[in-house]
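**Student:** Chains as they are written, first to last, in UniProt numbering: chain A, 1 to 246; chain B, 1 to 246.
FYI, nobody ran anything at the bench for these hints, they're computed from the structure.
Wrong hints could be hidden among the right ones.
Which copy? The list can't say, so a pair holds if one copy fits it or any two copies do.
To be verified - Dumping the calculated BS3-like pairs for lysine-lysine here, alpha-carbon to alpha-carbon at most 25 Å:
| hint | residue 1 | residue 2 |
| --- | --- | --- |
| 1 | K59 | K215 |
| 2 | K231 | K24 |
| 3 | K59 | K231 |
| 4 | K231 | K75 |
| 5 | K215 | K147 |
| 6 | K147 | K228 |
| 7 | K75 | K147 |
| 8 | K24 | K215 |
The chain contents come next:
2 protein chains.
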Amino acid sequence: MKRNLVYVVGLGPGDPQFLTAQAKTALENADVLCGYTVYIDLIRSFYPQKEVHATGMTKEIDRCRWALETAQSGKTVALVCSGDAGVYGMASPILELAPNYPSVEIEVIPGLTAALSGGAVLGAPLAHDFCVVSLSDRLTPWEMIEKRLACAAMGDFCVAIYNPSSKGRPDYLQRAVRILLQNGKSEETVCGIVRNIGRERQQSEIITLRELENKQVDMFTTVYIGNKTTKNIESKMVTPRGYRTV
Amino acid sequence: MKRNLVYVVGLGPGDPQFLTAQAKTALENADVLCGYTVYIDLIRSFYPQKEVHATGMTKEIDRCRWALETAQSGKTVALVCSGDAGVYGMASPILELAPNYPSVEIEVIPGLTAALSGGAVLGAPLAHDFCVVSLSDRLTPWEMIEKRLACAAMGDFCVAIYNPSSKGRPDYLQRAVRILLQNGKSEETVCGIVRNIGRERQQSEIITLRELENKQVDMFTTVYIGNKTTKNIESKMVTPRGYRTV
Chain A
1 MKRNLVYVVG LGPGDPQFLT AQAKTALENA DVLCGYTVYI DLIRSFYPQK EVHATGMTKE
61 IDRCRWALET AQSGKTVALV CSGDAGVYGM ASPILELAPN YPSVEIEVIP GLTAALSGGA
121 VLGAPLAHDF CVVSLSDRLT PWEMIEKRLA CAAMGDFCVA IYNPSSKGRP DYLQRAVRIL
181 LQNGKSEETV CGIVRNIGRE RQQSEIITLR ELENKQVDMF TTVYIGNKTT KNIESKMVTP
241 RGYRTV
Chain B
1 MKRNLVYVVG LGPGDPQFLT AQAKTALENA DVLCGYTVYI DLIRSFYPQK EVHATGMTKE
61 IDRCRWALET AQSGKTVALV CSGDAGVYGM ASPILELAPN YPSVEIEVIP GLTAALSGGA
121 VLGAPLAHDF CVVSLSDRLT PWEMIEKRLA CAAMGDFCVA IYNPSSKGRP DYLQRAVRIL
181 LQNGKSEETV CGIVRNIGRE RQQSEIITLR ELENKQVDMF TTVYIGNKTT KNIESKMVTP
241 RGYRTV
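Whenever a hint applies, use it, and build me the whole structure from the sequences.
**Tutor:** Below is the structure:
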């Protein structure tokens, strides 16, 4: 008997080479692909026969409800996310709504979040303990984001910063860098930025935290802050796996 | 002309369904597979014709040198890691050694680190800002690990704990939980544990931080600590994507 099923699929950066075999199988098994227009556009050409349901950026809850209703009616749905299905992804809101649709099963399929895919471009920036922090204050008060950045700096964590900038908040990365500097990160900390990870016109650069303070980045960029031991080795950002040498 | 090339390949949890297409291609292109015995055993049956070089757990630097020397002699090497190539992986030590082998190119191929693959098993535990912290004090002083745990708790981060236990340090998870409790995490914090992620005999459980304090786990386990808003929804661990409702 056919199950009423929603796959929540992490696509990784977008190019099919970053899909896991499990994610590819889920997309193939689905009757309909549902997601934010930009992500649907990344994959629809590989499945030209599939039904798609694409909606705009802030319509996450509508998409979750649509996916659950469509699965309830008997179709298998793949709800797609860029990066991982969980990290700032759709697995969380759909699992919150799922108890209203008791016949529907949710299967979460992980994918490469930008911290990992962009990290590979830079070298090994997150080889030791790290944090992931989003600078988007759409759902989180800025004071909470500031506190997290301060704690990340005090703990000398490596940090991957998501959503470092947008039209409405062009100076958030600068504000974040100042908080890191005020809480123990040195100006010489090795940092990296990667734009358009795994896509055409991918760009990356290794700079210091002082240089990062006045760097303009856009919403397609992920930013990496090293810890005290992170090095720039022949233009690769490399964090040793510990503080002692083996 | 053939390049002198080492791929550093993140395998994810081990089962081929978690390999990305890029990782699969790298394994296929390699002349020789090199890695820790347990990880080589996970993949050698899929490439029965390939030369393999497998060594024991603490031989990371020897493996890196062997991979670089072998690539220098003209073979393409895939140096494999479980999880991601970067996160506590082999990309870091090999990039540190690489300047001694100027003819050899290193290509880092990301993979699903346990935070993501185990997170998908539990639901969406890391859907908001999170930290990854290893409790292994082989290369990092325990005082540093304590400080990181305290900062993670003060910032109300979700936390994925790697290497929570081993024969030589059976009580480290208990010590870690106490530090989290002393620094602001409540006893009712929703936590999850996943053992043997993506492998036979995968097990998972959702418990409170108070219950976690006296839980015995082994080295094949990854532990997840929620933030203030994390919920147990029908036995899924779900962290909302922000503190405000959409």
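**Student:** Decide, hint by hint, whether the structure agrees.
**Tutor:** Hint-by-hint comparison with the structure:
1. K59 - K215: neither (31 Å within a copy, 41 Å between copies)
2. K231 - K24: neither (36 Å within a copy, 30 Å between copies)
3. K59 - K231: Close across copies (23 Å), not inside one copy (41 Å); limit 25 Å.
4. K231 - K75: Cα proximity of K231 and K75: none, with 51 Å in one copy and 28 Å across.
5. K215 - K147: within (22 Å within a copy, 30 Å between copies)
6. K147 - K228: For K147 and K228, the Cα distance is within 25 Å both inside one copy (20 Å) and across copies (14 Å).
7. K75 - K147: neither (44 Å within a copy, 49 Å between copies)
8. K24 - K215: Intra 37 Å, inter 37 Å, cutoff 25 Å: neither.
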